[in-house]
Each structure stands twice: as structure tokens, then as C-alpha cells.
Amino acid sequence: MRVMAQMAMVMNLDKCIGCHTCSVTCKQTWTNRTGMEYVWFNNVETRPGQGYPRTYEDQDRWQGGWELNKRGRLTLKAGNRLKNLLTIFSSPKMPSIQDYYEPWTYDYETLTDAPLQEHTPVARPKSLISGKNMDISWSANWDDDLAGAPELAKDDPVLQKVSDKVRFEFEQTFMFYLPRICEHCLNPSCAASCPSGAIYKRSEDGIVLVDQDKCRGWRKCVTGCPYKKIYFNHRTGKAEKCTFCFPRIEVGLPTVCAETCVGRLRYIGLVLYDADAVLEAASVEDDRELLDAQRQVLLDPDDPQVVREAERAGIPRDWIDAAQRSPVWSLINRYEVALPLHPEYRTMPMVWYIPPLSPVVDVVSDTGEDAEERGNLFAAIDSLRIPVEYLAELFTAGDTAPVTAVLKRLAAMRSYMRDINLGREPDESIPEAVGMDGESLYDMYRLLAIAKYDERYVIPPAHAEQAHGLEELATECSLDYEGGPGMGGWGPFGEGSGGTTPIAVENFQALKQRQTTNTLGDPEDKERRVNLLNWDGKGKPEGLFPPKPGQDRGAPELMDGTDPDAETDPKP
Amino acid sequence: MTTTLDLVLWVVLPYACLAVFVVGHYWRYRYDKFGWTTLSSQLYESRLLRWGSPLFHFGILAVFLGHVMGLGIPKSWTEAVGVSEGVYHVLAVGVGAVAGFCTLVGMAILVYRRRTVGPVFSATTRMDKVMYLALAVVILLGIGNTVGGNIIDHYDYREGLSVWFRGIFRFDLRPELMAEAPFTFQAHAVTAFLLFALWPFTRLVHVFSAPIGYLWRPYVPYRSKEDRLGQRRGNRGWERVGENRRR
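Protein sequence lines, in the order shown, are assigned to chains A and B. Start counting the first sequence at 7; every next residue gets the next number (our numbering). Start counting the second sequence at 155; every next residue gets the next number (our numbering).
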């Protein structure tokens, strides 16, 4: 047994209202840059729907993930190593920008620059790829809330797997939202596809990252990832992906998507797993046994033998404690209500989902029946094949039994808690019917309904006590890093070339630019004016006041420490 | 009798270009690991790339192997193993012409794509254009030599140009051999060396990232946080500030 720790997430889909706050905050944090305009490390899809990029779950077409070869051994679906190398010059299964969407902006300038005319000027959409006028015909959330569903949703690869009868009954619509980030798999096929070996799994917390200095832009990872959660930065020519907000995780904070989730539907915690068992579990022959295999790879953190092995593997004591308190472990293996997304891809994904009961509840309440009565709900789960089969295609490789079991547990929790809330005697036959006892059903209710911040996010800080080094400015020369004083600007090979710049230096440059720029590029050929809308009240940008007599227009007086009132330190 | 021009062209220039080539790559790798990439434009367009890129790359790989044969292996060696002049000649011209043709067609498709597909063209840097030009001139001259130098007017480069080329690396300088070579061979050699000097500053650096190691390495690389690239090591609490921990 080789115990390793993995940072994992569970999302409770019943609570997702599809507000896209997670996507927006994630984008603002990580992908609001040129080259990444089309990229959403976190996106929220309406299901049924095609997803983002379009039809990414159709692995016959996109060839992502793993499969068993004729000898029963695990290989990449896109081909073995040799084939992977031979197709390196033109990666044949890579989605084009049209499969994501062509990013655009609007020509806002005409709104103010247009000459006087009879009609109101309009801001036309301009492609951020070609710079030309474009017609917007697709985007990351084009089919949000089933928009255009009669035409579009029939191309949903998951819906196509569900039997004919179900497709026909699609007229009685159901829908739910599926927020997706990188799965940080135990058996990542992106890393296995990378010819350069630039994608790695961190041995401390299992977060999968791309080494930007080692990536050479071969694009194989984009094909390799069945969830299409590796993106090609078309400006820098490098692959980028969700980082599980590792800088936040390392100091014990939840990811940005989890922190800002208004539905509080995300849970983050550690799971311990047996690294030696991963390959065997991923190679189980029957797709439908993958769920159980994946559950069994995770180790019980309360088992003394596991604790001993974990300590021997060098996992710190507070991490083991955190694994024992982990909400993720509880939801996966104690209450068994969380399921992995597409276990049949055999990557052992580590973002798990609690399937939504709401489509069932909606149908029951539409009939006028009591939607919280156990009998009604249980009967509906058994008879409503549409949502259950669909959920099974998403979470259990098509096996409806585990999905039904989860939904029944959720339904039982509702009925059981209703009795308690109404002051009735709790009916102990309800938890028994789903194989639980009253106490654990109540605990599950607590975790799902009222768990506070520190119960939803049990994140032990990384043991990298380097605060001194992180400060950058405090006691060492702030320019003392490899590559010398990178004082802003681009390297000779275009944007993004050259070494990385410490954040303090970057902040200084950004602040200076923000205060003195009037347009996007800070044009040299135009006279500089201060845009007061961009001015954040810090420092005295050049041009804010007329030059004093007898004084040249020198460097902007910024952060020079002469103004005691000015707040000069950029806040992290 | 070697003139000053001969010395400059066939001794000074090769050494200068090779020096730029070696030092340039070292500098680029140290300074610009992040910019060291193929800079693929497949995201914008893949229909033309699908044909052009493999044609060009496999073609140029064959051309490279041909050069290793023709420039690197002395004539006496091939004759020693029983490859006669005639057999070698047919082989070189046959394979060389096919490889050269593939390279040329591939390159034509890629240049056409770069010029006509809007997003690809706007992602093209000035350096890319210079590089394309240099590459095209070298390849065209090379194909010209294969056809012209072997069929129309025979020039045995293995007794001239190749000996000079190997001499560069053995410090056995033979500029007079190049002075006698036909003009197109001279031009091919000069432009090729200029291309070498340009090499480290273009996207051509990706040649040195050919991921051969992928065939043997384990599928999933694990890395500990501590040996993250580019990360400055922190000091231990008891160490004096400014003293870097060495391990």
C-alpha cells in the first residue's frame, strides 16, 4: 500500500442554480488574458445540452481518455505512444476554435466616434481571433437553460446513449446544471499524452498542473483529456488548465469557484488513496464496475492501518486529521451519495457530484401529489426512467442502480427531516429503507444543508513555510531572482516571452500603467491624459496636475514614499 | 589560391554562424524557456495544416537524414561497405527528390495557409516571416542542387563540399574546395549557415524539443512541490537571511 493524499471536490447539483458566478470569478482570476479569451477553466453546462466544447463527451469522435486494448491493458484511446508521436505534426483529434466558440468584443468606439446621423450607431461584434466583424452564432453557454433545445439538445452525446423511448419523452423537459472544472484525476490521461512530460501530478495534494517552461505546445493533452479541460493558449502556444487554485489551497483557502459559489454547493477536502491500486482499478473490464473500483481505491482515513501507512509515507499529521474530517470522503464513501463524472473514461476523476433529485421532485409536484412524501418520491424514482437513465450515463457508465440508490437516499433525507421539522416522531423505517440509520441520515442532512464554511472546506495548509521568501520585498533585493530585473514590457519574442516576473514588480508596473493610460495600449504617439475613471486614487499620475513652472515633465511621482497619506503598497 | 572572400565565406562565416547557433540556443534556453514552443496555429485552422504540416515535417526529416548521409559519411566509408558510386547516386537522387518534393509541397501549403487564413496571418510575427523566407531559399536551392547538380551538370559534392563541411568540425580548413564548387552549391551552403545563425531566435528551436523520451517515460509524472521549476528556495528558520539553502 502506498498512501497518497488527493485534494478533491464534491458538487451538490441539487443546489446549483446556474448563475455562472463560479465561471465568472474563475475567469477573472485565471483566464482574463489574450490567448485565453475562449477559455473557461470552470464552466456551467445545462444538461441535456451539448456542453463546452460542443459534444466533448463523444469520445468516438474526440478520442479522449483511456480504453482497454485487446490484451486488456490500459492504453490511451487516441493511440499508443508511437502513434501519438507520429501524429505530432498535426494533432488530428483536436477541437478547433469553432468547437469552443470564436471569442469577440464589440466595437464600442463607434458609439462615441460616429458622426451625427439619422440612426443610432451600433457597436458591432468584432472577432478577437481575426479582428474582423463577425456574426455571433455560438458561445460557451449558447444552449443555457435549454435555449434552442429542440434543435441543439439532440446532439447531446449523453442523450444519444439513452434509449429511444427516453428521447421521445424529452418533450416533458427536465434539466439541471453541471458545473465543471478539471477533474484532477488519479490517472490523468492528459499527463500521459504529453510528449514533453510537462503535465504532472503534485505528489503532495494530487493537483494536476502544466509546467509552462516545459510545455512545447504539442497539443496532445487537449486530445488526451476526455473532459476537454486542457486549453491551448493561442497567444503563448502553451497548454493551460485549471490549477485547483493551488496558491489558495496551499494556504488553506478554498478555490475561487468554491469560495464564490452562491449556492454553497461545493465541498473541498482530502481523500487518501492507494497509489499502487490505481492502475488495477482503472483497468477493470466492465465499465459499470469502475464506480466501485474507484470508491475502493480511496482509503478509510479512520482505519488505523491506513493512518500508519500514511504516516510512513510522510503525510503530516494534520493532513491525516483533515482527511478524517473530510466532507468529500464522507459524501463519497460514508453516505455514498457522490458519484464521479464519466467513470468510463477510466481517468479516475476526483471531482464528484451528488446527482440532482430536483427533476424527480418537479415531476411529482407537477402531478399535484405531495413531493416530500417518501412513497411518492420512491415510486417516482423507480418509474421516471428519463432523468435516471440520463444521470446514469453521466455518472455511472449507464448503470441506473447506483443513481437510484443515491436519489432514494436524498429522498429519504427529505421525508425523514420533514417529520423532525414538523415536530412529529421521526420515522426510523425511512432511513432503514435506504440502508442507513437515523443518526447518519441526520448527519448527512447537516452536511448537505447547513454545513458552515469550515465544514464544507477542510483544507490543511501546505507545509511550505516560506513566508519570508514569498514576501519578495521584505529583506532581500526584490530584483534578486533568476533572469534579472524584469521591469515590465515584453521579451524579444513577443508577449509572454522571457522569464516570469515577481508579483511585486508586476503590480508596480500595472499600477503605473493603469494610472497613466488612456487607452488600452498606452499609445506613445498620443498625448497622455489621465483617465480619472481609471485612477484609483493612489499616487499622483503624470498629467493629473499641470507641471510646476521650471520643472520638466519627469517620471510619474509614484510610490516614492514622499506622500504620507498615499497608500502605496499594492494589496495582494 | 584562396582569396580573402573565400576565407570569409568558407571559414569565418561558418564559424561565426555556428557560434551564434550554439551560444544563441544556450541563451534562449536560459532566458526564454517560456517562449520555447512550436507556437502551433492549429486552433485557428486544421484542414490545410493536416496535409501541409506532416508533409513538410516528414519530408524535412528525410532531408536531414539525407544530409547526414551525404555530408557526414565519407565516400571511402560507403565504398568500403560495397556501395558503388552509381548505387549511391541513384539512391541519393531518388530519395532526395521525393523527400525534397514532399517538403516543398508541404511548405507551399503552409505558406499559402499562413497568408490566406486571417487568424493565422495575424498571429505571424516578423521573425516568422524572415524565418520562412530563409527556410524557403535554402530548401529551393537544395532541391535545385539535387536536380541540377546530379542530372544536368554533375558535381560530386562528396569529394568537395562534404569534405569541406566535415573539415569545419575537425579544424581541417579546406576553403579551396568550396571555391571550386558550382555557384548553386555555394549559395546553398551560405544561406544554410545564415539560417543556422537565425535558428535560435525563431520558433525553429522546437526542433531540439523533439520528445523522443516520451516513448520510455512513465505515463504520469509526479513532482513534489519543492522541486518546482523556477521556484526560489526558501530559507530555513534558523538560517541567516540571504543565505540560500543548498541541498
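Please keep in mind that the hints were generated in silico from the structure rather than gathered at the bench. Heads up, the beta-carbon is just placed ideally off N, CA and C, and yes, glycines get one too. It is possible that part of the hints are untrue.
Stated by the list, open to error - Between beta-carbon pairs, the in silico distance windows are:
hint: 1; chain 1: B; residue 1: 290; chain 2: A; residue 2: 142; range: 52 to 60 Å
hint: 2; chain 1: B; residue 1: 372; chain 2: A; residue 2: 302; range: 39 to 47 Å
hint: 3; chain 1: A; residue 1: 302; chain 2: B; residue 2: 283; range: 56 to 64 Å
hint: 4; chain 1: B; residue 1: 366; chain 2: A; residue 2: 317; range: 34 to 42 Å
hint: 5; chain 1: A; residue 1: 7; chain 2: B; residue 2: 283; range: 54 to 62 Å
hint: 6; chain 1: B; residue 1: 378; chain 2: A; residue 2: 446; range: 53 to 61 Å
Status of the hints after comparison with the structure:
no.: 1; hint: B/290 to A/142: 52 to 60 Å; verdict: violated, 38 Å
no.: 2; hint: B/372 to A/302: 39 to 47 Å; verdict: violated, 23 Å
no.: 3; hint: A/302 to B/283: 56 to 64 Å; verdict: holds, 57 Å
no.: 4; hint: B/366 to A/317: 34 to 42 Å; verdict: holds, 40 Å
no.: 5; hint: A/7 to B/283: 54 to 62 Å; verdict: holds, 58 Å
no.: 6; hint: B/378 to A/446: 53 to 61 Å; verdict: violated, 37 Å
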